[in-house]
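Please construct the entire structure, taking both the sequences and the accompanying hints into account.
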Amino acid sequence: MDAAPGQAHYSVMKSLDGRGSIHRALVAVVDDDESVRESLPDLLGEFGFDSKVFQSAEEFLVSDSFAKTRCLMLDIAMPGMTGFELQQELKARGQNIPIIFITAQKEEAVRKRALERGAVGFLLKPFSDTALLGALNTALGLR
Amino acid sequence: MEAQSESSTEEIKHLRRCINDLLSILTLPATWTGGTAPRIVGNLLDALVRMLSLDFVYAHLKDPTGGSPAEMVRIRPAWEGNPQPEEIGKRLRAWLENHPDKVSPPVRISFDERDIALVLLPLGLHGDMGIIVAGSERLDFPQQTERLVLHVAANQAAIGLQESRLLSEERRNSSDLKQRVAQRTMELATINDELNKAHAQIIQSEERWRSVFENSAIGVALTDLNGRFIAANPVYQKMLGYTEEELRQLSFLDITVEEHRNLNWALIEELLEGKRRQFQIEKQYRRKNGSTAWVRNSVSVVPGTERVPRFIMALSEDMTEQHEAKGALDKARSDLAQVARISTLNALTASIAHELNQPLSGVITNAGTCTRMLAADPPNVEGARETARRTIRDGNRASEVVTRLRALFTKKETATESVDLNDATREVIALSSGELERNRVIVRTDLAGDLPLVTGDRVQLQQVILNLLRNASDAMSTIDDRPRELVIKTERNESDGVRLSVKDTGVGIDPQIEARLFEAFHTTKDGGMGIGLFVSRSIMERHQGRLWAIRNQGLGATFILAIPCSTNT
Numbered sequence: 001m002d003a004a005p006g007q008a009h010y011s012v013m014k015s016l017d018g019r020g021s022i023h024r025a026l027v028a029v030v031d032d033d034e035s036v037r038e039s040l041p042d043l044l045g046e047f048g049f050d051s052k053v054f055q056s057a058e059e060f061l062v063s064d065s066f067a068k069t070r071c072l073m074l075d076i077a078m079p080g081m082t083g084f085e086l087q088q089e090l091k092a093r094g095q096n097i098p099i100i101f102i103t104a105q106k107e108e109a110v111r112k113r114a115l116e117r118g119a120v121g122f123l124l125k126p127f128s129d130t131a132l133l134g135a136l137n138t139a140l141g142l143r
Numbered sequence: 001m002e003a004q005s006e007s008s009t010e011e012i013k014h015l016r017r018c019i020n021d022l023l024s025i026l027t028l029p030a031t032w033t034g035g036t037a038p039r040i041v042g043n044l045l046d047a048l049v050r051m052l053s054l055d056f057v058y059a060h061l062k063d064p065t066g067g068s069p070a071e072m073v074r075i076r077p078a079w080e081g082n083p084q085p086e087e088i089g090k091r092l093r094a095w096l097e098n099h100p101d102k103v104s105p106p107v108r109i110s111f112d113e114r115d116i117a118l119v120l121l122p123l124g125l126h127g128d129m130g131i132i133v134a135g136s137e138r139l140d141f142p143q144q145t146e147r148l149v150l151h152v153a154a155n156q157a158a159i160g161l162q163e164s165r166l167l168s169e170e171r172r173n174s175s176d177l178k179q180r181v182a183q184r185t186m187e188l189a190t191i192n193d194e195l196n197k198a199h200a201q202i203i204q205s206e207e208r209w210r211s212v213f214e215n216s217a218i219g220v221a222l223t224d225l226n227g228r229f230i231a232a233n234p235v236y237q238k239m240l241g242y243t244e245e246e247l248r249q250l251s252f253l254d255i256t257v258e259e260h261r262n263l264n265w266a267l268i269e270e271l272l273e274g275k276r277r278q279f280q281i282e283k284q285y286r287r288k289n290g291s292t293a294w295v296r297n298s299v300s301v302v303p304g305t306e307r308v309p310r311f312i313m314a315l316s317e318d319m320t321e322q323h324e325a326k327g328a329l330d331k332a333r334s335d336l337a338q339v340a341r342i343s344t345l346n347a348l349t350a351s352i353a354h355e356l357n358q359p360l361s362g363v364i365t366n367a368g369t370c371t372r373m374l375a376a377d378p379p380n381v382e383g384a385r386e387t388a389r390r391t392i393r394d395g396n397r398a399s400e401v402v403t404r405l406r407a408l409f410t411k412k413e414t415a416t417e418s419v420d421l422n423d424a425t426r427e428v429i430a431l432s433s434g435e436l437e438r439n440r441v442i443v444r445t446d447l448a449g450d451l452p453l454v455t456g457d458r459v460q461l462q463q464v465i466l467n468l469l470r471n472a473s474d475a476m477s478t479i480d481d482r483p484r485e486l487v488i489k490t491e492r493n494e495s496d497g498v499r500l501s502v503k504d505t506g507v508g509i510d511p512q513i514e515a516r517l518f519e520a521f522h523t524t525k526d527g528g529m530g531i532g533l534f535v536s537r538s539i540m541e542r543h544q545g546r547l548w549a550i551r552n553q554g555l556g557a558t559f560i561l562a563i564p565c566s567t568n569t
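Chain order of the listed sequences is A and B. All the letters of the first sequence, read from the start, carry residue numbers 1 to 143 under the numbering used here. All the letters of the second sequence, read from the start, carry residue numbers 1 to 569 under the numbering used here.
Calculated directly from the structure, the hints in this document are not laboratory data. Be a bit skeptical, because a hint or two may be false.
As the list claims (entries may be wrong) - Simulated restraints, written as ranges between beta carbons of each label pair:
1. B/554 - A/67: 41 to 47 Å
2. B/389 - A/95: 34 to 40 Å
3. B/550 - A/95: 17 to 23 Å
4. A/34 - B/550: 35 to 41 Å
5. A/34 - B/349: 21 to 27 Å
6. A/67 - B/389: 33 to 39 Å
7. B/478 - A/67: 49 to 55 Å
8. A/85 - B/389: 43 to 49 Å
9. A/34 - B/478: 52 to 58 Å
10. A/109 - B/258: 54 to 60 Å
11. A/109 - B/399: 28 to 34 Å
12. A/95 - B/491: 50 to 56 Å
13. A/113 - B/491: 41 to 47 Å
Ideal placement from N, C-alpha and C gives every residue a C-beta, glycine not left out.
In C-alpha cells:
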C-alpha cells in the first residue's frame, strides 16, 4: 500500500550464486494484487533479478519492457484482460516469453489449462520463496 | 106405507150420497202428498163447496213459523148477490176475533142482510192450526150428515196440514241442512284450497332448500347443540368418507383431530352462550379411512322455531389441496433458499479465499525476502526490517479478514438481532471488492450517517445485498462504452424504515421480463439458476420488508430494499 509500483527496480549489485553478473535478467510481474506487486520485487532482487511490476495486462503491453523481459510472472484472474488472454496476445505477437502463472485459483482445471498453453510454471498463492526460485530457474533454463 | 117407503128411499139416497162424500173426502189426502198448506186447504174447500151445496166456506190458517196467517174463501158460484170473497173474509175475521171461544154449535150471523148459519171447524187441537168456517143460508143447515162430512173434512185437513207442516219443516230442515252443508263444504273447500296452496308452497320451499342443501358446492352439516350430526349434504359426506347415516351416530368432535378439539369446542360454547354470532375455524378432520382433511368451517347457531329446536350449522370448505399446495410451496421455497444459501456460500468462499490469499501471499513472500536479507553477508538489516514490517502488516490484514468472516458465519441460522445496515453493507463490499474490481466495477457508497438499526438476520440481509451487488456487476459485464458504476445508498425512508438501493449503469431491465424478474428459476444469465432475486425477495418478506426494481432515468437499473426499523431504536 505504501510502496509505489515504480519503486520496484532493485539493483543491488549482488550475485546469489556467487558467479557475479552485471547483466541481471529482467522478470516482469503482472498482478492486480497490490501486495504481490509490493513484496515480489524484493524477493526477486534477493535472487539476483531485476524486476518490473504492472497492475494489468494492458499496462504491460503498452510498456517498452516486454521485449527485454526474460520471464513473465502472470496472474490469471484480473480485471480487463486476463492472464490467459495476455498469454494469447503475446503468442500472437510472436513473443515467446516464458510465463510462470501465479494464481489463487486452486482448481486443477486451471493449472492444466495453463500448462497446456505452454506455461513453464504454475504457482499457487501463497507460494514459498524456494518454489519461486525453482520455477524461475526452470523458466530461464538455469538448470 | 108408500110415503114411508118413499121417504125411506130418499133417506137411503141421502145417506148414500153422504157416504160417497165421505169416501171422496177420505180419498182427498192421497192427492195432498207433498202439497203446501194453502193447496191442501184450497183443495178441500173446493170439494166441500161442490159436494155440500154450501154458500161459502172460509179457512183461516195460522202460520206455524209465526208469519202472517193465510185466508181462503170459496163461494158457491150460483150464490145470489155474489158477495166478494174479500168481504166475506173481512166479516168473518172480525167475527172470529170477537168470538174467541169459537163455539162449536151452529151459530147464525147476519151478513148483508142475509141470515147465515155457520159451522165452525177448528183445525188441530184447540184450533191451533186455524179454523174452517162453512156457511149457508139454508135453514136446515147443517144437517147431521153435513156436520159429519164437515168434521171428517176438518180432521182430514188437520192431518194433511200436520203432515204438510212436518214435511215442510223437514224440507226446511233438510234444505237448511243442505245449505249449511253446502256452505260448510265451500268453507272446507276454501280451507282445503288454502291448505293445498300452503302445502305446495312448503313443499316448494322445502324442495328448494333441500336442493340447495344437496347441490351446494361446499359441505353443509347440521348438528344438535351437543355437536351430534342431524344432517350432512353429499359434499360433506364425500369430503369425510362417511354416509349421512354413519355421521348421525357421531359428533363433529369425534371426527375432529385431537389438537383442534379444545379450540373448536371453546368457540362452540361461546356461540351457544351468545358471545358470538358465528365463527370461522380452519381445522383438520379425520376421514373415515384415517387420512386427514383440512377444512375451513363457518359455524353459526340457527335459532329454534315452535317446532324445530335451535341447532348448529357448519358450512365446510375443503382446504386440503390448498394446504398441501402450501406445504409443497413452503418446502420448495425452503429448498430454494437452501440452494441459494449454498451457492451464495460458494461465492462467498471463493471471495474469502481471494481476500485471504492476498495478505497471505504478502506475508510469505515478505517473510521469505526477510530471511534471505538476514542470511546475506553482510545482512541487509534495513531491508529485512522493512519486509518484516510488511509481514506484520499483511498478517494483520489476514486477521481482519478472519474477523469479518467470523462476524458473518458465527451467526445462528435465523438470528434476530439489531443490524446496522451500513456496517453490514460495508462488510459485503469488502468481501466482494475483489470480484467487483476484477469486473472493473467502480463502487461508490452513499451511506446515511444517522441510519436507524433494523431487526433481522444479519447474514440473510447480507446475502440479499451481496446478491444485488453481483447482479449489478453482472448487468454491467458487457458494458464498454461507459463507466461500470455501482452506487450503494442507504437512507431513512418516509415511513420510518430504512432503504438500501443498488444502482448500476448496466443493460437495465428488459420490459418483457420485468414482471417475471422476481420469479423463481427466471434468469437472463448463462450460468445462473434464477433464484437469487426470488430468494432475496423471500428474505425481505420474512423481514417484513420489500424488494423491488426500477428502471433508471438514464441507463441501468436500481434495486431497492426497504425494511422497518427496530422498534427499540
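Outcome of the hint check:
1. B/554 - A/67: 41 to 47 Å: For residue 67 of chain A against residue 554 of chain B, whose Cβ atoms are near 44 Å apart, the range 41 to 47 Å holds.
2. B/389 - A/95: 34 to 40 Å: For residue 389 of chain B and residue 95 of chain A the Cβ distance comes to about 37 Å; the hint holds.
3. B/550 - A/95: 17 to 23 Å: violated, 49 Å
4. A/34 - B/550: 35 to 41 Å: Roughly 37 Å apart at Cβ, these two residues keep to the hinted range, so it holds.
5. A/34 - B/349: 21 to 27 Å: holds, 22 Å
6. A/67 - B/389: 33 to 39 Å: Holds - the Cβ-Cβ distance for residue 67 of chain A and residue 389 of chain B, about 35 Å, lies within 33 to 39 Å.
7. B/478 - A/67: 49 to 55 Å: Distance hint for residue 478 of chain B, residue 67 of chain A is violated at roughly 34 Å.
8. A/85 - B/389: 43 to 49 Å: violated, 36 Å
9. A/34 - B/478: 52 to 58 Å: Hint violated: Cβ distance 27 Å, outside 52 to 58 Å.
10. A/109 - B/258: 54 to 60 Å: holds, 58 Å
11. A/109 - B/399: 28 to 34 Å: With a Cβ separation near 31 Å, residue 109 of chain A and residue 399 of chain B satisfy 28 to 34 Å, so the hint holds.
12. A/95 - B/491: 50 to 56 Å: Once the Cβ atoms are compared, 52 Å apart, the range 50 to 56 Å for residue 491 of chain B and residue 95 of chain A holds.
13. A/113 - B/491: 41 to 47 Å: holds, 46 Å
Checked against the numbered hints above, the structure breaks hints 3, 7, 8, 9 and satisfies the rest.
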